[in-house]
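Asks: Now for the letters of each chain:
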Amino acid sequence: RKEVEQDPGPFNVPEGATVAFNCTYSNSASQSFFWYRQDCRKEPKLLMSVYSSGNEDGRFTAQLNRASQYISLLIRDSKLSDSATYLCVVSSGGFKTIFGAGTRLFVKA
Amino acid sequence: SAVISQKPSRDICQRGTSLTIQCQVDSQVTMMFWYRQQPGQSLTLIATANQGSEATYESGFVIDKFPISRPNLTFSTLTVSNLSPEDSSIYLCSTRGSYLSYEQYFGPGTRLTVT
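The listed protein sequences correspond, in order, to chains A and B.
Residues 1 to 109 (our numbering) are what the first sequence spells out, left to right.
Residues 1 to 115 (our numbering) are what the second sequence spells out, left to right.
No false leads were mixed into what you were given.
Quick list of in silico lysine to aspartate or glutamate cross-link-like pairs, EDC-like style, CA-CA up to 16 Å:
#1 Lys45(A) <-> Glu103(B)
#2 Lys96(A) <-> Glu103(B)
#3 Lys96(A) <-> Glu58(B)
#4 Lys65(B) <-> Glu54(B)
#5 Lys79(A) <-> Glu15(A)
#6 Lys45(A) <-> Asp82(A)
Hints listed in this document are in silico derivations from the structure and should not be mistaken for laboratory results.
These numbers come from a predicted model, not from an experiment.
Let's have the full structure, built from the sequences with the hints guiding it.
Replies: Spelled out as structure tokens, the structure:
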């Protein structure tokens with residue numbers, strides 16, 4: 001079993017749609033959780049951290065369920081510019097960071 | 001956040017040769033990381049480079065193939081040696097926002113094609 005698993009997609013959604021990405025992790029000792037965004041032929045960039053209480057940044061909402069070892073990212077009112085690959089990232093002690101394989105999103109007009 | 005630059009941005013190399021990638025950070029950082037991202041895949045950590053000590057390599061990566069230098073707190077190089085087509089990939093340099101933070105920042109990557 002992979003340490004971090006994501007649905008690879010692709011997700012094809014129309015503009016304005018709401019889309020949700022899920023991610024599961026295997027190490028119960030994991031401490032920090034993130035969503036990164038990677039555009040085609042670009043480097044990954046931090047989108048948002050994920051906190052136990054859940055957090056929201058504009059149209060983006062991230063949630064963490066430690067009991068189920070599950071992380072989610074919700075994008076509301078999708079824009080064409082949201083088209084990218086979204087990487088789930090989990091860090092445990094000892095500076096070990098694991099990147100998920102990513103979920104591709106295509107937002108169409 | 002750190003600003004990271006890499007050189008070269010891309011290269012095409014013949015098998016059997018080597019490529020050295022440079023990574024420059026705009027601030028002093030303790031840890032620098034080198035990743036590989038193969039086509040359609042996620043990031044795989046090659047090694048962690050600390051200034052003043054030898055790099056720590058992940059399983060499947062060895063120093064003879066991927067020698068790393070870390071001469072100071074703002075700079076590192078990764079050499080990919082004895083190139084084969086399987087080394088064709090994007091190589092990314094990364095660092096953390098702070099020593100206590102797990103947030104990572106990446107350079108723009110070096111796209112290597114081995115012919």
